[in-house]
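Could you build the full structure based on these sequences and the hints that come with them?
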Amino acid sequence: MIQTVKQHNQMNIPFRLSRIENRQFALLADIVENPNINVETSFAFSIAQNQSSIRCIGNFVYIQNGEKKVIMEVACHFIIKPEGWDIMCHDKKMIVPKGLLQHFATIVVGTARGILFAKSEGTKLQGYFLPLVDLTQGITDDMEYPVSANVSLSE
Numbered sequence: 002m003i004q005t006v007k008q009h010n011q012m013n014i015p016f017r018l019s020r021i022e023n024r025q026f027a028l029l030a031d032i033v034e035n036p037n038i039n040v041e042t043s044f045a046f047s048i049a050q051n052q053s054s055i056r057c058i059g060n061f062v063y064i065q066n067g068e069k070k071v072i073m074e075v076a077c078h079f080i081i082k083p084e085g086w087d088i089m090c091h092d093k094k095m096i097v098p099k100g101l102l103q104h105f106a107t108i109v110v111g112t113a114r115g116i117l118f119a120k121s122e123g124t125k126l127q128g129y130f131l132p133l134v135d136l137t138q139g140i141t142d143d144m145e146y147p148v149s150a151n152v153s154l155s156e
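Numbering (the numbering used here), first residue to last: 2 to 156.
One thing to keep in mind: the hints can contain errors.
[As the list claims (entries may be wrong)] Simulated DEER-style distance windows between Cβ atoms:
#1 GLY128 x ASN51: 40 to 46 Å
#2 THR141 x ASP31: 35 to 41 Å
#3 ASP142 x ALA27: 29 to 35 Å
#4 HIS91 x GLY123: 49 to 55 Å
#5 ALA27 x ASP92: 40 to 46 Å
#6 GLY67 x LYS125: 17 to 23 Å
#7 GLU22 x PRO83: 23 to 29 Å
#8 ASP135 x LYS93: 32 to 38 Å
#9 LYS94 x GLU122: 41 to 47 Å
[To be verified] For lysine to aspartate or glutamate, the following EDC-like pairs were computed, each having C-alpha atoms within a straight-line distance of at most 16 Å:
#10 LYS93 x GLU145
#11 LYS125 x ASP31
#12 LYS94 x ASP143
#13 LYS94 x GLU145
What the hints contain is simulated information worked out from the structure, not anything from laboratory work. Keep in mind the model is a prediction, meaning the values are calculated, not measured. Even for Gly, the Cβ is constructed at its ideal location relative to N, Cα and C.
Structure (structure tokens):
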């Protein structure tokens, strides 16, 4: 299924989710039955020009009483349609709009919630959730990547 994200400057960037990776799910220590648990989140992005794809990796670390309890890392790969790729590539660089990055990270967060639910069923971790993440605070700028050439993918 192809989705399209319309950015503030009215460019349409069609994409589809092509792959999900559960890169890491580690239970490092027992969780004490206590609602006070913090979750640190971070996101990283990369491009694969030869595949017209962008990867978003989400890292989620559950910390309780100063000790890491759970580490989860999830990656989603998105194939960008040629016309969307062409919109973002100019002068040997690719500029990915922050709104698109935020949208990809939102999909990663939702995917991580599903993985957490599936992996925690029947454990002490069951009932702990990935809290809401304000991606507008963490992803505030467009990202710029060098590309090898300004080759139009839609030709």
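Item to check | Beta-carbon spacing of ASP135 to LYS93 - inside the hinted bounds 32 to 38 Å or not | outcome: 34 Å, holds
Checklist entry - Does 49 to 55 Å hold as the CB distance between HIS91 and GLY123, or does it fail? => result 51 Å, holds
Item to check | Outcome for the supplied range 40 to 46 Å, where the beta carbon pair is ALA27 and ASP92 | outcome: 42 Å, holds
Checklist entry - For the pair ASP142 and ALA27, does the Cβ-Cβ distance stay inside 29 to 35 Å? => result At roughly 31 Å between Cβ atoms, ALA27 and ASP142 fall inside 29 to 35 Å, so the hint holds.
Next on the checklist: Please check whether GLY128 and ASN51 have a Cβ separation lying inside 40 to 46 Å.
Outcome noted: Holds, since GLY128 and ASN51 (Cβ atoms, about 43 Å apart) stay within the stated range.
Checklist entry - If you check the beta carbons of GLU22 and PRO83, does the distance land in 23 to 29 Å? => result 24 Å, holds
Next on the checklist: So if I understand the rule, the pair passes when the alpha-carbon distance is 16 Å or less; does LYS94 with GLU145 pass?
Outcome noted: Between LYS94 and GLU145 the Cα gap is close to 7 Å, so the pair holds against 16 Å.
Checklist entry - For the pair supplied as a hint, LYS93 and GLU145, is the alpha-carbon distance within the 16 Å limit? => result 10 Å, holds
Next on the checklist: Assuming the hint says 35 to 41 Å, is it satisfied by the Cβ distance from THR141 to ASP31 or not?
Outcome noted: 37 Å, holds
Next on the checklist: Next pair to validate is LYS125 with ASP31; report whether the Cα-Cα distance is within 16 Å.
Outcome noted: Roughly 8 Å separates the two Cα atoms, so the pair holds.
Checklist entry - Taking 41 to 47 Å as the hint, is the beta-carbon distance of LYS94 and GLU122 inside that range? => result Cβ of LYS94 to Cβ of GLU122: about 45 Å, so the range 41 to 47 Å holds.
Item to check | 17 to 23 Å as the expected CB spacing between LYS125 and GLY67, which holds or is violated | outcome: 18 Å, holds
Of the numbered hints stated above, none is contradicted by the structure.
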